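Q: Spelled out, the chains give:
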Amino acid sequence: MTATAPRRPLALPTSWVRGVVGVLVMFGFVELLTRAELVSADYLPPASSLVGESFGLLDDGNFWSAVGTTLWASFYGLVRAILIAVPVGLLLGLSKRAYRAAIVVVELLRPIPSVALIPLAILQFGLGTPMKAFLATYACLWPLLFNTIYGMKEMDEVGVDTARAFGLGGFRRALRVNLPAASPFIFTGVKIASSVALIVVIAAEIVAGGGGGLGVEIGSARLSGNVKLSYAYTLVTGVIGILLYIVLEALERRLFGWNRIGQADGR
Amino acid sequence: MTARERLGDVVLKAAVLVGVIAVWWFLANRSTSPYYPSPGDVLPTVWNDWLTDTAAWTDSIIPSVVRIAYGFFLAAAGSIALGMAIGRSRVLSELLEPSIHFLRAIPPPALLGVSLVVFGIGDVQKVALIAFGVAPPILLNTIDGARSVEELQLETAQAYRISRWDRIVRVIFPAAAPKVFAGLRVSISLAVILMVISELVAAPDGVGSRINGAARDFDYVDLWAGLVVLALLGIVLNALLTVVERSTLRWRQP
Amino acid sequence: MADGAPETTELTLGLIPIADVAPVFIAIERGLFEAEGLTVTTEFAAGGAAAIPALQAGDIDFAFGGYPSTYKAIEAGIPLVITQEAVRGADLFGGFYALPDSGIEGPADLAGKTIAVNTLNNIVQMTVQIHLQEAGLSLDDVTLVEIPFPEQVGALELGNVDVISVVEPFGTIARTSLDATLVVDMFSGTLDGFPVAGWQVTAEFAEANPNTIAAFNRVLVEATDIAVNEEGALAAIVPTYTSASEELAATLNYPNMVSGLDVGALQAVPDLMLEQGLLSDAMSSADHVIGN
Chain A
1 MTATAPRRPL
11 ALPTSWVRGV
21 VGVLVMFGFV
31 ELLTRAELVS
41 ADYLPPASSL
51 VGESFGLLDD
61 GNFWSAVGTT
71 LWASFYGLVR
81 AILIAVPVGL
91 LLGLSKRAYR
101 AAIVVVELLR
111 PIPSVALIPL
121 AILQFGLGTP
131 MKAFLATYAC
141 LWPLLFNTIY
151 GMKEMDEVGV
161 DTARAFGLGG
171 FRRALRVNLP
181 AASPFIFTGV
191 KIASSVALIV
201 VIAAEIVAGG
211 GGGLGVEIGS
221 ARLSGNVKLS
231 YAYTLVTGVI
241 GILLYIVLEA
251 LERRLFGWNR
261 IGQADGR
Chain U
1 MTARERLGDV
11 VLKAAVLVGV
21 IAVWWFLANR
31 STSPYYPSPG
41 DVLPTVWNDW
51 LTDTAAWTDS
61 IIPSVVRIAY
71 GFFLAAAGSI
81 ALGMAIGRSR
91 VLSELLEPSI
101 HFLRAIPPPA
111 LLGVSLVVFG
121 IGDVQKVALI
131 AFGVAPPILL
141 NTIDGARSVE
151 ELQLETAQAY
161 RISRWDRIVR
171 VIFPAAAPKV
181 FAGLRVSISL
191 AVILMVISEL
201 VAAPDGVGSR
211 INGAARDFDY
221 VDLWAGLVVL
231 ALLGIVLNAL
241 LTVVERSTLR
251 WRQP
Chain E
1 MADGAPETTE
11 LTLGLIPIAD
21 VAPVFIAIER
31 GLFEAEGLTV
41 TTEFAAGGAA
51 AIPALQAGDI
61 DFAFGGYPST
71 YKAIEAGIPL
81 VITQEAVRGA
91 DLFGGFYALP
101 DSGIEGPADL
111 AGKTIAVNTL
121 NNIVQMTVQI
131 HLQEAGLSLD
141 DVTLVEIPFP
151 EQVGALELGN
161 VDVISVVEPF
171 GTIARTSLDA
181 TLVVDMFSGT
191 LDGFPVAGWQ
201 VTAEFAEANP
211 NTIAAFNRVL
221 VEATDIAVNE
231 EGALAAIVPT
241 YTSASEELAA
251 TLNYPNMVSG
261 LDVGALQAVP
271 DLMLEQGLLS
281 DAMSSADHVI
291 GN
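Sequence order for the protein chains is A, U and E.
Counting with the numbering used here, you get residues 1 to 267 for the letters of the first sequence.
Counting with the numbering used here, you get residues 1 to 254 for the letters of the second sequence.
Counting with the numbering used here, you get residues 1 to 292 for the letters of the third sequence.
Hints in this document: simulated from the structure, not taken from any laboratory.
Here the structure is a predicted model, which is why all the values come from computation and not from measurement.
Don't take each hint at face value.
[Claimed, not checked] Computed cross-link-like contacts, BS3-like style, restricted to lysine-lysine with a CA-CA straight-line distance of at most 30 Å:
1. A/Lys228 x U/Lys13
2. A/Lys96 x A/Lys153
3. U/Lys13 x A/Lys153
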């Protein structure tokens, strides 16, 4: 049955090896480009020197507090977006009329960039975590909302009909049938939104400032002309992105194991 | 939809829109802060200084739309091709996915500096930044979509000796198309956002550049007007995408 | 009246992590704020467009920022009050630089060139305009490109722009890494000692907290004195709150750090802004400082 199993990256040791090989190849490529010094090393330091610089950060208490500040704001913003977008998405997926009414507002708000909202967000929330979390929530709403609605559309009509035949009412049907059926889609939305949250928070820290965070450190390093340090912090954000992805993939496998036939890990 | 339903739809949407403006009007008029101008000031600015102003089109809207178009098409073409390959190949997926997740976690504003160094200060730098930023949702959705193709369909196609190319075009792509479009839909709005970010530096023109200037000069009427223009731009781009999506997905049906 | 106990004792300062704000960190390190009964937290705000809304939100109490943003905000109806000066131009604190073999050696050579400025319509652009004028040129004779200070040295080396206009530490970096030619010293000639940046609060805060502001000012007078007169104080403190190396901190050209309020000197800023069209009406600097 393994032939029908969806490809699960990072599920097996071989996949880890391949993943590492892939990262190393990419890294080697960047190293060659930077070593070729098409651009002066002052602005584009060799990739390997950045890795050293990044490891140097691990000893730095300042670094860990920056990571903590950024992650907390991202997490806070993401969770709030999930709490808003999933119920609203379910509602909009269930009712055509509600969808048509709401889509006007959604399409109006969605293209407004969180970066352009920064001055207004600062005015409301100051420079700290609430401001960043607000912007993250705003940006995360859309992928979550659309994935939830798509999930509702793509779901099995038979399941809905069966539930209807068994006399499950609208609300309970939504909870017992629609929500579980749409949940893999919703989770894809969460995966996308989690990186959006991280990106928006760091972007806000770079553009606005604030009490701390990875973006503040990147901005501060640039202002001091310390190019290497600012790229080292940028590298760290990428690493956090991978870790986040691994955690969410593992969580997805755990949550939706029932949805996968013949899982490689025998679940 | 029947004509009657269509009319009802338009009326409903218009009512919602009027409601939004009414709420905005009410909130703005309660505040005396220059940060929250009334729509009575903002909407005329949208009309007079943006939509019916030739200079606003040539200096702001058109340059931005061109950057979005290049960035979005580059990203879509590359991501769909790569996503199909990764979705259908376990080896490729395992080799590349960690790198993809690494790259997509890097916030575009952190790349403003390096993009200036690598791509200079012209439009290429802005298009590159937009393409980099909008690619991940298309790529990840395409990978998911390509993976979700029913093995049975593929085996049938193989049994009928349908060529590899035809399998991709006739079986895999149609099966993946809804997910691909979900990704494109996320990305088209993201493209507007990245356009604004890319125009934070070294932009002689563009909507983002003008909005950035308005924030810097505390011209909050023009800032809000710019936000309305971005919203309109997003709606137009989304409508265009819907047209493409409908015709493509209809073609998918036998 | 302003000698009593501070009304607000817990203060958040919004500032930019650059050498200019060294006195604040000297004061924190040496307990000068505590001696006045003040507890101070610092937050970084990336420029006036971020700091001024944060002041209005009450998230920060004092903002360090350039005067052109302050006056533009005031003209836009945002009531701000300048509490104390902080930075004035000094020799080589800012400069216009070109590549050594470019043949650009003075302001007269700028005609037809592309010049990088950190933000349009701000202090650097004002100095560019002044130096062009003095060479018989105008802004119409050059192309300005908005590039943040940290990216300008790279843009110069890559040939994206002909001339950069930077403040420290980027002038020192341009000179040491590119052997760049100084085209004009930014704050020279009529701009010698030109007021650059200071501390500001909202009018509301100023009204409610005269004692706090007086105490804050006393601390900064003392700390600025240390920064200016104590050998090695700046080079020691700057690496503690920026990412600058100790070596860089020891060699860069510091601005002229000042304290107190000279309304007459400050008036030069709105006057020049008016002349250059950055303000639409004349503004009196005396109307927008504490005590008025």
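Q: A separate judgement is required for each hint: does it hold in the structure or not?
A: Hints, verified against the model:
1. A/Lys228 x U/Lys13: It is violated: about 52 Å lies between the C-alpha atoms, which goes past 30 Å.
2. A/Lys96 x A/Lys153: holds, 11 Å
3. U/Lys13 x A/Lys153: holds, 21 Å
Hint compliance for this structure: hint 1 alone is broken.
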